[in-house]
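2 protein chains.
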Amino acid sequence: MEDNWKDWKKTKAFEKLRDLAQNPYDLTTPNALRERVAKYICRSHSFSLHYAGQRVDDSVLDCFQDLADECRLVEQFAGMRKGAVMNRIIGFESENRRVLHTACRDLFMESPREPVATRQAKKEIEKVRVFLEDLESGKLTNESGEAFTTFLHIGIGGSDLGPRCVFEALRSFGVKGRDVHFISNVDPDDAAAVLSRIDLARTLVCIVSKSGTTLETLANETLVRKALSEKGLDPALHCLAVTGEGSPMDDPGNYLRSFYMYDYIGGRYSSTSMVGIVMLGFYLGFEQVMGFLQGASKMDYEAENQKILENMPLLLAMLGIWNHNFLGFPTLAVLPYSQALHRFPAHLQQCDMESNGKSVTRNGEDVSYKTGPIVWGEPGTNGQHAFYQLLHQGTEIVPVEFIGFRRSQYGIDMEIDGTSLQLKLLANLQAQSLALATGQKSDNPNRRFPGNRPNSILLADRLTPETMGMLLALYEAKIVFQGFLWNINSFDQEGVQLGKALAGRFLGYMKGKSNIDDSLESEILQASKIE
Amino acid sequence: MEDNWKDWKKTKAFEKLRDLAQNPYDLTTPNALRERVAKYICRSHSFSLHYAGQRVDDSVLDCFQDLADECRLVEQFAGMRKGAVMNRIIGFESENRRVLHTACRDLFMESPREPVATRQAKKEIEKVRVFLEDLESGKLTNESGEAFTTFLHIGIGGSDLGPRCVFEALRSFGVKGRDVHFISNVDPDDAAAVLSRIDLARTLVCIVSKSGTTLETLANETLVRKALSEKGLDPALHCLAVTGEGSPMDDPGNYLRSFYMYDYIGGRYSSTSMVGIVMLGFYLGFEQVMGFLQGASKMDYEAENQKILENMPLLLAMLGIWNHNFLGFPTLAVLPYSQALHRFPAHLQQCDMESNGKSVTRNGEDVSYKTGPIVWGEPGTNGQHAFYQLLHQGTEIVPVEFIGFRRSQYGIDMEIDGTSLQLKLLANLQAQSLALATGQKSDNPNRRFPGNRPNSILLADRLTPETMGMLLALYEAKIVFQGFLWNINSFDQEGVQLGKALAGRFLGYMKGKSNIDDSLESEILQASKIE
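Protein chains in written order, with my numbering: chain A, 35 to 565; chain B, 35 to 565.
So that you can see chain A by itself, here it is in the shape it has in the complex (with noise of 0.2 Å):
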């Protein structure tokens, strides 16, 4: 079925969502935003998306509809998960893959979608589950005896800012006693101030490498395994990996303990695989990991309902292609009002920008349209005092999709002038939304509000491992249903390959040094005095 991808532009939707986008609703008018408040909610398992700030009415959302089902959304996103190659370009070298996240976590049911995919990742986590209570028991310690306490997860990309974000918004759930850092960058300083943090002797080092072959991460890892016998320490009784089976990092005789991925799961999409799955059993303890992969299951069951009503995911997906493509908003703001999130926004940033910036379709022709958006976003309150003033007053519109959460994660607050610190995050939450809405007039030019900044909020009782995992696969889903509406291959990323491949010939020359020729790159090296 993937070789006949309808046109999006050649549907009746697309037509009638041009003609509807010259005079969308307009927020500001007085109680324009009255009855739509408590009708403009879908609701999933435990988010509810309020999305009566965004410029759509019922004439749209029927589009919406009908466009979902004219490109076949759903089905495409079903058939991802029984294991179509959806990673490809039709007619071209490419990379012709599976796509199989989604498999990871389908652990719940008698009878998950791609059994196969599944029953690899049963495997690999009863081997967390064999590691943990190995820690547990005390069968695995370090070289004097002593029990872990500090994880060092090094990776890069989909190996690092997925699991990050995930550990840093569960940071409240952690056993006591452990704790994770992070090596990313080839950067040495990067590695340099870890390693002063830290204490080596207890520390189990994870290195995670689909391809075993990631310039950053293997450098890295021999920056940390030096670290590790200077101190008089065996690396191999030390480090962990995580990475395709087969590839060169697949070396039992380094590594304490092996954990696997496959290459039908891309980096960015990853976050429930081992390369995040390790890390977060360790710091989580099982039972809370598995909780937070039975979120994400959820979620993506969900997806697969035709109705966009009820269809959280492709809902999202659809507001977001409003914004972009009919509107004309180049950018998206993710504002989460939890400071746990902070790093959900540029976990995002890879795997949205990284999925759907591009710009030939799935056949190889060129796009005649947006793809995807700039993503961007910090939490809230903090943003009020920072590029909020942009939000309201700037000459550019950013569409923003609120995340918030009924209660908090430590549950310590207080009641100060009557009402509770979380309170006053939530009414500073649905103030934002309410005021980008609708605006205010004023006889003074400097405190007018145009209003009509379009916006939802996504609304949870408490970021939990659950919550976690259904947030990450909501946010997956919607990406990819863009990229299916969009007719682009959303798995892969040629976009990297020409800044490798001049960063080998800048290395070349770098070298090379006292034979250096008149080459651009070497004039380039002279100009910027870097020898």
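One thing to keep in mind: the hints can contain errors.
[Stated by the list, open to error] With a straight-line Cα cutoff of 20 Å, these simulated EDC-like cross-link-like pairs (lysine to aspartate or glutamate) come out:
#1 B/K545 to A/D451
#2 A/K73 to B/E557
#3 B/K43 to B/E109
#4 B/K116 to B/E127
#5 B/K73 to A/D551
#6 A/K210 to A/D268
#7 A/K475 to B/E399
#8 B/K563 to A/E344
Simulated from the structure, these hints should not be mistaken for lab results.
With chain A fixed as given, assemble chain B onto it according to the hints.
Frame of chain A; chain B shown alone:
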């Protein structure tokens, strides 16, 4: 002079730039960068700005100079430094203040630009010197006579982002045995997470709020004072205040020491005032803090150079205007190849977007052009494995400002495959810059890189207190120059007021739960199940 700003759209240079923008320099033609890489460099004390990768040529640069001259940008900057009332909207109620953050660091000349403000700054710095001496000599200790080892900085927005960014940037320069933590968000989990990690008995708590009324900061102060009391500690013996003289927080009975800032220093420009200096003094020691201030001051003086090709902040400002207003790119990515600068983009999001995310001129008229761009970024090489896909092959074009350093901070490095990690970092930086500019042809459409993606590189030898001061002041001046050209007030933030007012309304409904009426706010709270 402030009442008579030239409309930049009515200048000849504007017209000419608009024409030149129809056909900007093509970086993708063979040898397009040859000769430029050695020529298009602007040098300051420690930094060089390499802008061969921008789509400019000599004609464009000439127009930059003309535009800067016609709009008297340098003259306005010099006027600001001497105390002109720059923070106002003529004809309407506004803050009506001078803008003198530069005076805080104008400490090294016999005749500073604004002697009164500099005298005030010197007085506060002397208080910091004595404070540090008292910590050193043991005159200032905790209740048990132990030295304070931890500094807890409580502030939000400008009282958080800038200071935190500088602290992170200079973490490797800290006094042994001292550490700093931050609380900013009203999310109670922010404080809970930090308090779970520190030893309050040995902690100095510094509350930073110019007005002394910032909701988040006062709530967190209350929370932390309660935590101190619960541990049997006397808050008045642990708390420091940084606030405006005469603010509600200016109450020596409640604080161990008080440090003042003045209304002529805006929050987002306040890192070199007491807002940043008390914390940095504790962490870095007095001498290094003075180096930081000296760096900033040097850059301020450079910004007074009328010749744009020798005035780095002005040139950076005009390159940004070229990309944003003439070539039409809505965002700016700032990508430091230095892990230590990982919070620099977040600081800039405030400094830039809060300053220039405006829609009315200094005369209270609606602008007829784009003002401040959306600023975002993450450190390289991390970003290369994340959102760079979109930078290279996406449909949104993103101008980039790279930042790099020839040497690392810690100096802990090793050769792998013939080059150090630091050289690998620099090779990647150069490679990305080149790849974005020149692009690449290919028979495989998915492997084509369009190129012509404008970027520049800012280089220095090493990130130190002094170069960090320069970097901070460089971007402050850049932002101010852009605001002058757009003829907007870069020093107020009326856009944050509506959200504050609405938050108050929501809090009102939350407090009076039992008597909830049928207002929109209460309808929203009910639909959100917030109670």
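The hints, checked one at a time:
Restraint check for B/K545 and A/D451: satisfied, since their Cα atoms lie roughly 9 Å apart, inside the 20 Å limit. At roughly 11 Å between alpha-carbon atoms, A/K73 and B/E557 fall within 20 Å of each other, so this suggested pair holds. The hinted pair formed by B/K43 and B/E109 meets the criterion: a straight-line CA distance of about 19 Å does not exceed 20 Å. The straight-line distance between the Cα atoms of B/K116 and B/E127 is roughly 23 Å, outside the 20 Å bound, and the hint therefore fails.
Simply put, B/K73 and A/D551 have alpha-carbon atoms about 19 Å apart, close enough for the 20 Å limit, and the pair holds. Restraint check for A/K210 and A/D268: not satisfied, since their Cα atoms lie roughly 26 Å apart, outside the 20 Å limit. This hinted pair checks out: A/K475 and B/E399 have alpha carbons roughly 15 Å apart, not beyond 20 Å. For the proposed pair B/K563 and A/E344, the alpha carbon gap of about 19 Å is at most 20 Å, so the pair holds.
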